[in-house]
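These are the residues of each chain, in order.
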Amino acid sequence: MQLQLSPEMQAFREEMRTFFTTQVPKEIRDKGANRHHPTKDDFVTTQRILNAAGLAVPHWPVEYGGRDWTPLQRHIYREEMQLAHVPEPLAFNTSMIGPVLAQFGSQEQKDRFLAKTANLDIWWCQGFSEPDAGSDLAGLRTVAVQDGDEWVVNGQKTWTTMGQHADWIFCLARTDPTAEKKQRGISMLVFPMDTPGVTLRPIELLDGGFEVNEVFFEDVRVPSENLIGEVNKGWDQAKFLLGNERVGIARVGGTKGMLALAKELARETTYNGRPLLEDPRYASRIAEIENELVALELTALRVVANSADGKPHPASSVLKLKGSVLQQEVTELIVDIAGPLSVASFAEEGSDVPDWARVSAPEYLNYRKVSIYGGSNEVQRVIISGTILGL
Amino acid sequence: MRRKVTKTDPGFDEKVWTQLAEMGLLGLPFAEEHGGAGAGPVEVAIVAEEIGRVLAPEPFVEAVVLAGGLINRVGSDAQKSELLTALSEGSSIPTFAHTEIGSRWTPTASAVTATEAGDSWTLSGVKEPVPHGARADVLVVSAALPGGGTGLFVVNGDASGLTRSGYRNIDGTRSANVRFDSTPAAPLGEGGDQTDAIERALAVGRIAYSNEAVGAMDTALRTTVEYLKTRKQFGVTLNKFQALNFRAADMYMSLELARSIALWATVVEMTGGDVVSAGDRARLLTSRAGRHIGKDAIQLHGGIGVTAEYKVGHYTARLTAIDHLLGDGDFAADRLAAKVGDYPTVDPLGAPYA
Ligand SMILES: Cc1cc2nc3c(=O)[nH]c(=O)nc-3n(C[C@H](O)[C@H](O)[C@H](O)COP(=O)(O)OP(=O)(O)OC[C@H]3O[C@@H](n4cnc5c(N)ncnc54)[C@H](O)[C@@H]3O)c2cc1C
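In order, the protein sequences belong to chains Y and S. Be aware that the first sequence starts at 1, since it is given in this note's numbering, and climbs by one per residue. Be aware that the second sequence starts at 1, since it is given in this note's numbering, and climbs by one per residue.
Next up, chain Y with everything else stripped away, as it sits in the complex (with noise of 0.2 Å):
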């Protein structure tokens, strides 16, 4: 494994940088840099300009737009993307529906969809989890069945995250319910938000904001052809799938930029007239945080350097882990930075506390949810213990 980089991969990341922080519009960066969330606007105008670059799908088959790149590369891409506060091309399309399809697909399927995925001419959202299959998917309970040439399927979605604006879902339904194993009977069926019996609510998380969604389905048709891979095999399309939803969770790249932007509100504010930054407390605090930080990317080049065959390294686990507690730790920094001000989170106009600590409380709350989704931490630490160390 290298850990310094040639003048090649100086310059590749010279590249990229320039790439980002020219040709993503500032005004959307800035949201990043200012913790607002993009719109459905700013994600579509970001990923087309990536995707004309060839650098919305580059870890794809070259064939349909990958590049080809080695780990290190891609590692130097994301990086320099989160520094740079751009909207990350839609992980639904990108690291999830798409990989599944130019791996399992029909060729009939990868032309329909693939070009369309990575252009984000089709929005696609993830129907995985279900009130009472969280943590335990193979639970799952949405039922599809077999009616002429077509699918019917019933039941409910969860946690749908931008489901509101999505033009297709991909989702996992039991299709043999007698199936001894669980994880044997289920099939991964894609269609549009918008076929008659699909009905969307809402659900307000603790931010004030509406990200996720419950997802009805009542008697919903589905054409055969929009059956992804073989009848009952969909649990390999959905590992292979979170598989995927593993990388790049570590969020290093995100999480510096964060940090950098704790130091300089703690710079900024001060406490009986000497900034945060100088206080021996916050400093050792972002000094630990950020020497963690420089463990886990050195971890994530070590397990990009070792992942062979798409199988992940053990450690990958680790990153998971170990990165949403960073995340979490830099947003309940910049909250105790913002301190008496971090209440004003729905200040209006006549409020003199800044942005920035307006949004420390909600992001901290909302961030609460980086140990829960993609395998909670606790699934993580399972993981670890048991099929890493044999316990």
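Read the hints as simulated data drawn from the structure, not as lab findings. Keep in mind it's a predicted model, so treat the numbers as computed, not measured. For every residue, glycine included, the Cβ atom is placed at its ideal position computed from N, Cα and C. Please note that the accuracy of each hint is not assured.
[Claimed, not checked] If we take Cβ atoms under 7 Å as the criterion, some of the chain S residues that face chain Y in the derived model are: (1) S120; (2) P129; (3) G303.
Take the given structure of chain Y and dock chain S with the ligand to it, following the hints.
Just chain S with the ligand, lined up with the frame of chain Y:
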């Protein structure tokens, strides 16, 4: 219910406020001659804990303990009978307008200044965030005095030169930006520098918030335990996973330690001990415990914990607000740390409760 109430101004239920008045809770710590019930810190602590337990959005600590406490301690007899009687009856809600944009948790004021003209005073400058500052009928305002020091003043809600812009806080309660522009004000009590009285009031507020936090933590833990017993994944209830039960056990430990120190600090206040350091001790421990319990209550619930539709996350939101209103745990730790060299041991049972 709470979600509905906190969605619209004033962010709490006026009818409930009237009921609290009828029950005598709004005058709890004040003398009977001022319309109060003549009770002490222990009774106040019990109410604060109940407020926390049910996450009531009514500004009990803010109006009764902080603003009412200052009026009671510093105000003239005339001010006490007028303002405390009205508070106790529920007809007038006071607030303590102290925090300034750059002040964090100092007991002094600088952004709002007091000017004397003849025998009357005016205030100019901005206070923010002021708890329920748009709804309050009367404001107790800290202001920098012309000759140095920080004074306390009473400003009526309908005074001239007063602009108030209210908004919703992270926990559903309300704050405001309050702008004074040569606003007429009356000195609270004798006037003069009141920094010590403010320091004391903030300490008493910290103790009351510790009790409120204990109530909130208690419900957060109970709710989590109940959830672990009923939520099923992998064909079993979550309490079949010992790792989760141990997390709940740790939350219990944090809660009980916080409960002990909040109770102790309350007794220190009752017996006239050093409330400032007792307040710091209570603040430090309830800050740490509140974060621990608030975070894990959400985590052990999974996704439902981060929604506004389920109650547990609101407890975390309130604990987060309490944690930053009058000083966070690091703030309290720093103040305690500055003195650890001055004594060999702490004897919580020794008089006078130093
Ligand atoms: C903001 C957000 C966005 C999301 N977006 C999507 C999306 O777009 N599409 C989608 O399909 N899903 C999405 N999810 C769902 C997410 O994947 C689930 O929330 C997650 O799998 C946890 O499931 P749960 O919420 O039902 O919690 P539960 O599984 O009920 O877990 C409750 C608690 O039990 C613990 N636990 C569970 N099993 C074990 C065990 N075996 N050992 C020890 N502890 C255990 C958990 O760690 C947690 O602490 C999202 C969730 C959130 C919060």
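Structure-based check of all given hints:
no. : hint : result
1   : S120 : violated, 27 Å
2   : P129 : holds, 5 Å
3   : G303 : holds, 5 Å
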